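Enquirer: Sequence:
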Amino acid sequence: MKPIDPGKRTLLDGKDDGSRFLTYKLGEINSAAPPPPSDQPAFLATRKHRRFTEFANTVRTHRYIGLCWGPAGVGKTLSARHYAAVDEWDIWQAALTERVEPVPERILEARTAFYTPTVAATVRQIDQGLPNACQQISYAVDFAEHGVIDPFVHTQSRSSGRTELLIIDEADRLKATGLEQVRDYYDRHHMGVILIGMPGIEKRLVRYPQLYSRIGFAHEFRPLTTEELTAVLTQRMPSGPCNPEDNLGYSTAVATIARITGGNFRLVDRLLTQIRRIQTLNHLDALTPEVVDAARETLLIGH
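All the letters of the sequence shown, read from the start, carry residue numbers -19 to 283 under my numbering.
Incorrect hints may have been included.
The calculated EDC-like cross-link candidates involving lysine to aspartate or glutamate, where the alpha carbons are at most 20 Å apart (straight line), are [as the list claims (entries may be wrong)]: (1) Lys183 with Glu200; (2) Lys183 with Glu160; (3) Lys155 with Glu125; (4) Lys155 with Asp167.
In short, the hints are calculated from the structure, not lab data. All of these numbers come straight from a predicted model, not from anything done at the bench.
Let's have the full structure, built from the sequences with the hints guiding it.
Expert: Given below as structure tokens:
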């Protein structure tokens, strides 16, 4: 058995190999998602994301409740996670088990908590999840400014006082009691709240007048335009046509992708993955309509 590094935290002693975890029904150790893979493509700030940023900044400044909705796959969650610097937060949190690194600057700039209720979220889970997500951001701001976390000395961080915005993704999962909990939490704190859901959530909330009357801003997240789709393709597939004669084929391929996906960001990502696979298998570099058609045949879209 390998010796245990004394500088790292561990549940094992010198004679324990941890084999009991193979039979114990413990489930997952961490409730948060693992850190994002290092090879994922860089985030592209599209016009839709910039509009979401303006919407989020307004809600955050005026401390209202904002409502955002849009079809599945258009990039609502991706934009919200980027605004709240969730990936940076996950990476920083993962490193805390071994060492304490400085709080990432984007987290300090955003001061935004990101919360996603589970599919079967109970009243108790929501009642604990909202303050936990917000209080963590407040403590991180305190730690960055003072080097210590002492809510009895630095009282501003009490009751999530340093958190300026709470984004609740998958708000469609919240039942009547959950929505009432969100309203109650909003009333007892001085922060903005954004609810993100599918089309129709704006009509559903009309049935809850106490919550609906507190909504100050609304934002509809739309699919990518042709220009934005071209920018995404340039980033994800930077190798454009080298031969001027191939420009027509490349433009036709881009138009085919736009027609197949309808500007849906998630479908674009799936289709580009299949395109790269087909290009690799056939040793192709150019993006042609034939490659796009072959990739389309492997997906449950465009048929």
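Enquirer: Confirm or reject each hint.
Expert: Each hint, compared with the structure:
1. Lys183 with Glu200: This hinted pair holds, its Cα atoms lying about 13 Å apart.
2. Lys183 with Glu160: Satisfied, since the Cα-Cα distance of roughly 16 Å is no more than 20 Å.
3. Lys155 with Glu125: Between Lys155 and Glu125 the Cα gap is close to 38 Å, so the pair fails against 20 Å, i.e. violated.
4. Lys155 with Asp167: holds, 19 Å
The structure fails to meet hint 3 from the earlier list, while all remaining hints are met.
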